[in-house]
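S.K.: Listed here are the chains, written in short residue letters.
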Amino acid sequence: MTGDVDLDRLADYVGGALDGTPDEAAVARLVATDPTWSSAHAALVAADARVRADLRLLAAEAEPMPDDVLARVSAALEAEAGPGIPAPAGGHPGLSVLPGGRATRVPDGRRRRAVIGVAAAAVVGLGAISVAAQLHTSGGRGGAAVSSAGRAPAQPQSGATDLYASPDIRTSGTDYSPGELSALPTAPFSAQARQPQQQAGPDVMKDASSSPTSAATGAPDELRPLTEPAARAACLGAIMARYGGTPTMLDYARFQGRPALIVLLDGAGGVTGRKRAVAVGPHCGAGGAVTDERYSTQVG
Amino acid sequence: MVGAETGARDPRDDAALMRAHSAGDRQAFAELVRRHRDRLWAVALRTTGDREEAADALQDALLSAYRTADRFRGDSAVTTWLHRIVVNACLDRLRRRQARPTVPLPEVDRTVAPSTDRETALVVHAALDQLPPDQRAALVLVDLQGYPVADAARVLGVAEGTIKSRCARGRARLAVLLGHLREPDSAASRNPIADGDVPSRSGNASAAGTHWGKEGGK
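Which chain is which? The protein sequence lines are A and B, in order.
Residue 1 is where the first sequence starts when you use our numbering, and the numbers rise one by one after that.
Residue 1 is where the second sequence starts when you use our numbering, and the numbers rise one by one after that.
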């Protein structure tokens with residue numbers, strides 16, 4: 001007499017999960033007496049050995065934590081520890097997990113100089129985005145100067161109605177939690193839901209010498225520096241350099257009680273449609289890196 | 001339990017660092033992360049199968065560990081506790097991902113034998129991604145990270161027999177995915193190399209007359 005073999009049950013037997021149970025003897029009897037079970041048992045034992053050998057090859061591959069992940073974890077833990085961390089001599093923060101306690105922040109003097117350089121680089125990038133958006137717009141949307149949110153853009157003269165080139169900027173006053181960031185609405189804000197803020201056209205992002213946008217009036221005081229176009233461009237450039245994608249929304253708000261600029265990216269990691277929310281503190285962009293990241297998560 | 005990684009500059013052991021952290025030593029937790037970062041990363045990366053998911057899960061897990069360290073009672077090793085938090089963060093993300101519609105993963109090509117160990121490792125990595133999360137997590141801990149079954153059971157909060165079952169069933173599924181075993185209940189038409197002489201890395205051992213159980217794991 002023969003019968004179909006339940007491979008999970010047979011795998012349990014081969015893997016020792018049935019040891020000491022009544023089913024162990026039952027399966028052993030089937031393997032000993034039923035040709036189908038006997039054949040399946042022999043095949044599985046041989047295959048199991050091959051799989052273990054394959055797994056050993058994978059196990060032998062070193063997987064050191066990449067530097068960018070290490071820096072990100074370090075920044076998140078520093079942010080969690082909050083301000084007032086006693087900094088050892090040399091300006092190192094008190095909670096860096098980088099080898100040797102290396103700082104993820106840079107001294108203020110260096111930061112100020114770095115902002116200018118990064119801002120220039122970011123301006124180039126954002127300018128390219130603007131051009132791409134213009135090409136996209138001229139390619140088939142006709143003359144309708146209405147964004148996908150159904151609103152007239154603040155600066156239609158740019159011709160850039162693409163949402164990527166014109167991230168929504170708001171000062172919602174929201175105090176975000178990690179869960180709220182991961183569930184951030186990814187559709188453009190509706191006209192009703194938007195706060196009475198402006199939309200930053202590409203020109204605002206490009207012109208590092210222009211005055212702070214009206215976001216400065218509603219942003220938490222600690223975030224005022226990031227309403228300066230150059231500083232904001234440096235911050236966004238650093239975020240885009242780390243995570244890829246393009247910013248579609250900026251919210252000068254709070255994260256877990258502390259002032260934070262929330263940036264929603266589209267196309268993060270070079271994956272079309274992948275959304276990522278990043279919460280950064282007022283030092284974002286310093287040194288050309290996301291040096292003040294509070295939290296980051298995929299959205300949706 | 002697997003011990004601390006190299007390069008520890010702080011002479012205190014893990015338990016002492018945990019006590020110091022709870023007492024307000026802000027360097028203590030960072031030292032713990034420094035010691036175990038590569039192992040924790042490897043577990044996160046191999047469990048999620050996605051670099052970004054792994055980074056997110058690890059960040060969430062370490063922040064959670066940082067906040068809840070005072071609940072650590074010392075009835076398991078600190079590394080077990082850290083791994084438990086990391087693996088659970090990974091599984092949470094995998095389950096959320098499963099709840100979303102996804103593009104089906106490409107099948108492993110069983111007809112072309114990988115020529116190098118590196119290629120084999122990549123193929124195994126891809127196959128691992130296709131296992132149910134619970135089986136994958138068990139295999140990552142036991143077969144990839146080298147944890148004893150008892151430690152893996154503590155990390156995942158299940159019985160040792162459950163870990164054995166998840167590993168055994170996971171390996172059986174991998175055997176099929178990697179071409180070492182014929183698909184249960186499959187006809188030759190579903191697996192063209194089953195009865196043919198197309199080069200295979202495995203010989204595709206037969207398990208004719210077999211089928212999977214009703215549940216994917218214990």
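It is possible that part of the hints are untrue.
Unchecked claim - Partial list, computed: chain B residues near chain A (C-beta under 8 Å):
hint: 1; residue: A42
hint: 2; residue: L45
hint: 3; residue: D70
hint: 4; residue: D143
hint: 5; residue: S165
As the list claims (entries may be wrong) - Covered stretches of chain B, going by a simulated chain A footprint (3 or more residues, C-beta under 8 Å):
hint: 6; stretch: 26 to 32
hint: 7; stretch: 79 to 88
hint: 8; stretch: 131 to 138
No lab work stands behind these hints: they were computed from the structure.
Fair warning: this is a prediction, and the values are worked out from it, not measured in the lab.
Glycine is no exception: its CB is placed at the ideal position from the N, C-alpha and C atoms.
S.K.: Would you mind marking each hint as holding or not holding in the structure?
M.R.: How the hints compare with the structure:
1. Here the hint on A42 (chain B) is kept, as its CB sits about 4 Å from the closest CB of chain A, short of 8 Å.
2. The interface hint given for L45 (chain B) holds, since its Cβ lies 6 Å from the closest Cβ of chain A, which is under the 8 Å cut-off.
3. Among the interface hints, the one on D70 (chain B) is violated; its C-beta lies about 14 Å from the nearest C-beta in chain A, farther than the 8 Å criterion.
4. Residue-level restraint check for D143 (chain B) holds (minimum Cβ-Cβ distance to chain A is 4 Å; threshold 8 Å).
5. For S165 (chain B), the interface hint holds, since its Cβ comes within 8 Å of a Cβ in chain A; the closest pair sits about 4 Å apart.
6. With 4 residues having a Cβ less than 8 Å from any Cβ of chain A, the stretch 26 to 32 of chain B passes the three-residue criterion, so the hint holds.
7. For the stretch 79 to 88 of chain B, the stated coverage by chain A is not satisfied: 0 residues place a CB nearer than 8 Å to a CB of that chain, which falls below the threshold of 3.
8. Here the stretch 131 to 138 of chain B counts 0 residues with a CB under 8 Å from a CB of chain A, which misses the bar of 3, and the coverage is violated.
In the structure shown, a violation is registered for the earlier hints numbered 3, 7 and 8, in ascending order.
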